[in-house]
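So you can see what is in the structure, the chains are spelled out below.
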Amino acid sequence: NAGVMQNPRHLVRRRGQEARLRCSPMKGHSHVYWYRQLPEEGLKFMVYLQKENIIDESGMPKERFSAEFPKEGPSILRIQQVVRGDSAAYFCASSPRDRGIYEQYFGPGTRLTVT
Amino acid sequence: GENVEQHPSTLSVQEGDSAVIKCTYSDSASNYFPWYKQELGKRPQLIIDIRSNVGEKKDQRIAVTLNKTAKHFSLHITETQPEDSAVYFCAASIRETGNQFYFGTGTSLTVIP
Numbered sequence: 463n464a465g466v467m468q469n470p471r472h473l474v475r476r477r478g479q480e481a482r483l484r485c486s487p488m489k490g491h492s493h494v495y496w497y498r499q500l501p502e503e504g505l506k507f508m509v510y511l512q513k514e515n516i517i518d519e520s521g522m523p524k525e526r527f528s529a530e531f532p533k534e535g536p537s538i539l540r541i542q543q544v545v546r547g548d549s550a551a552y553f554c555a556s557s558p559r560d561r562g563i564y565e566q567y568f569g570p571g572t573r574l575t576v577t
Numbered sequence: 005g006e007n008v009e010q011h012p013s014t015l016s017v018q019e020g021d022s023a024v025i026k027c028t029y030s031d032s033a034s035n036y037f038p039w040y041k042q043e044l045g046k047r048p049q050l051i052i053d054i055r056s057n058v059g060e061k062k063d064q065r066i067a068v069t070l071n072k073t074a075k076h077f078s079l080h081i082t083e084t085q086p087e088d089s090a091v092y093f094c095a096a097s098i099r100e101t102g103n104q105f106y107f108g109t110g111t112s113l114t115v116i117p
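Top line first, the protein sequences correspond to chains X and C. At position 67 of the first sequence the residue is numbered 529 (this note's numbering), and the sequence of numbers has no breaks. At position 60 of the second sequence the residue is numbered 64 (this note's numbering), and the sequence of numbers has no breaks.
Just so you know, these hints were derived from the structure itself, not from any lab. The structure displayed is predicted, hence computed values, not measured ones. Hints may contain errors.
To be verified - Covered stretches of chain X (in silico footprint by chain C; criterion: 3 or more residues with CB under 8 Å from a CB of chain C, positions within the stretch not fixed): (1) 498 to 505; (2) 565 to 576.
As the list claims (entries may be wrong) - SDA-like cross-link-like pairs, simulated, lysine to any residue; straight-line CA separation at most 20 Å: (3) C:K26 - C:H76; (4) X:K506 - C:D31; (5) X:K506 - C:L50; (6) X:K506 - C:S13; (7) C:K26 - X:E502; (8) C:K41 - X:K513; (9) X:K506 - X:E565; (10) X:K506 - X:R482; (11) C:K46 - C:S89; (12) C:K46 - X:E565; (13) X:K513 - C:G102.
C-beta atoms are modelled at their ideal positions from N, C-alpha and C, and glycine is treated no differently.
Can you build the whole structure from these sequences, using the hints too?
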């Protein structure tokens, strides 16, 4: 059973460009969470999605950030018009959340650098 | 929203000694408390968790205790080894309303051989 996959692992973007981060959850997991980790800081919740639904986006910046989890394919976190402050590691985690299972399993992260 | 505080931010111990990391949370509705270990440049990995209906849980050298009244929980690592060196994060969530994790700021543990 493959773990949570994220790509790309490293992404360099110039200010003003768009960044697209992809997350494929573990097989059988239908719940995806995105977290952001700024340098030397902890993980901050951004958004929680199920297939075709955004359940909670309370941690997402109001502008430039969006997320989706389509019926087919990976979950995508999209950052438009990136700025230097967006440089961080972005982790997704997946969970089955059935039969009382609430553990979240993290992907390897995408390290975004904005130049 | 939930606020999780974690102490200490750095911790150095001699190999073989015990390490204790403490966290407090603000939302009394939180009922799931996982601990993650993150090595430099790697993904966070779940090492142990505890639910609010349990006061203590142990897995070999690692144990977690929970005091719901005081809203704090702690990670205990006994007989520390150099490979325990990493950053440890606590988190709190409410399972029924989405299970979004709210993390502490992390503890950098160094085990000195």
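Legend entry - Broken hints, by number: Of the numbered hints, just 8 does not hold.
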